[in-house]
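> Here the structure of chain A is known, so what remains is to put chain B in place on it, guided by the hints.
As you go down the protein sequences, you meet chains A and B in turn.
Residues 1 to 244, numbered by my numbering, are exactly what the first sequence covers, in order.
Residues 245 to 490, numbered by my numbering, are exactly what the second sequence covers, in order.
Keep in mind the hints are simulated off the structure, nothing from the lab.
The structure displayed is predicted, hence computed values, not measured ones.
Among these hints, one or two may not hold up.
Claimed, not checked - So, partial list: chain A residues that the calculated Cβ filter (under 7 angstroms) puts toward chain B:
hint, residue
1, A6
2, S14
3, M86
4, K212
5, I215
Built from N, CA and C at the ideal position, the CB exists for glycine as well.
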Amino acid sequence: MSVVKALFRRELRSYFATPVAYVFIVIFLVLMGAFTFYLGGFYERGQADLRAFFNFHPWLYLFLVPAIAMRLWAEERKSGTIELLMTLPISPWQAVLGKYLAAWAFAAIALLLTFPIWLTVNYLGDPDNGAILAAYVGSLLMAGGFLAIGSCISAFTKNQVIAFVITVVVCFGFLLAGFSLVLDLFSAWAPQALLDGVASLSFLTHFNDISKGVIDLRDLVYFALVIGTFLYANTIVLGWKQAD
Amino acid sequence: MLEVDGLSKNYGRHTVVNDLHFRCDAGEVLGFLGPNGAGKSTTMKMLTGFVAPSAGTASVCGHDVRSETLAAQRRIGYLPEGAPSYAEMTPAQFLEFIADVRGLSGAERRARLDEVIDRLHLEPVLGQSIDTLSKGFKRRVGLAQAILHDPDVLILDEPTDGLDPNQKHEVRELIRSMSAEKLIVISTHILEEVEAVCSRAIIIADGRILVDDSPANLAQLGGGRLDLTFRRVTLGGEPPAAEPTA
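If we strip away everything but chain A, and leave its shape as in the complex, we get:
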């Protein structure tokens, strides 16, 4: 476990050693604010809740989380440090987990820095803080799901742009799996059971459930499964094409 910890610390520190972390956090916070107040009509709604804020998380994550994830493995390949990393006594799952957790912690830091919106809504009214906490948990889980997908895809290539674009497309598919845009691809030929299966994969549905303030075990299991599956796939991809 200390190996995972060492990797985690190195990785998290590296975000803040370069402008990446600061640029990301500033853009994230500015966009969150702009979406909440202008598109979401935070004031106009006249309600003491954060729906206007959380409604835009899936869409912001769709572009911002792949931007964190794209460098995870592609950069190691590009700079050749993957050879250093994988010849240290580190097993693939330790490497995947250490790097993933650091990226997730970084996303969590960015998310926590949105706390002024929570202060604002508490100053203006009397919101259901339990529901807000649940929505924060849901948002973090969704970011974790996107990150796991991005980490896995990043392991395929040394090109960060390719990793980014493909991750956005795959995440978009997961986000809208319950909607006709995706379902129509299957409805013509797939049996209803498969159709229901695909529909149940939707990030958006699960996130919306949680952000209403109800943390259902099924939603938690869903995100845990997505994260676990993609991280497992990530270790397999590494094993396959470690040296390419």
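Then chain B, alone, in the frame of chain A:
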């Protein structure tokens, strides 16, 4: 200590390393010689567990690199070609990270860090990020990383490539000073390096071992000159007539 048994690697139909066999022990400095693309780096990547062999295997201190990869990796210090390291870190942070991963702790950790920093003269650049360092310092950071845990087996892929003559001299001194108790494998295409530090040389081309002998004996094959031997065995045929040395 290092046993290589039928090690082979092919990518599709292209064979890069073809059925290598050799063994060596502590106290030896084995020079891996060969033209570019001969399979030197690929062999080293297989010995260190980075590339999976297509056939055959190798064992390091009794640990098979395929089935006991982590145990073998614990006994190896490895400098990959080009000495890759994390550009945004400082040498101090980088070496501390390696120490953590290698499981060094407490007084031993401090002592090992101090020793490698001293040995490779890294003191003046410890707080500077690695991407701002000169090539010579980057290489030394890579070497420091490789010897940090005082490994039994040291595998160095072109350790002096791109260094100036003084730096080359220093790296060779370092290799010589560690050669008594360790097994050191270096790859190079600099022939004088082989004569300077190696106790044994293996010349490979097209993934095969062509000769395996002491540098002195090899030089005799070329009438006293290692470069003539090298050309003769890697190009095939008779040695070219001795040219006057420049």
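> Compare the structure with each hint and give your call.
Hint check:
1. At about 4 angstroms, the closest approach between the beta carbon of A6/A and any beta carbon in chain B falls short of 7 angstroms, and the interface hint on this residue holds.
2. About 5 angstroms separates the beta-carbon of S14/A from the nearest beta-carbon of chain B, less than 7 angstroms, and the hint is met.
3. Proximity of M86/A to chain B holds as hinted, the smallest CB-CB distance being about 5 angstroms (cut-off 7 angstroms).
4. Because the smallest distance between the Cβ of K212/A and any Cβ of chain B comes to about 41 angstroms, over 7 angstroms, the interface hint for this residue is violated.
5. With a cut of 7 angstroms, the hint placing I215/A at the interface with chain B is violated, because the nearest CB-to-CB distance is about 36 angstroms.
Hints 4 and 5, counting from the list given before, are not met by this structure.
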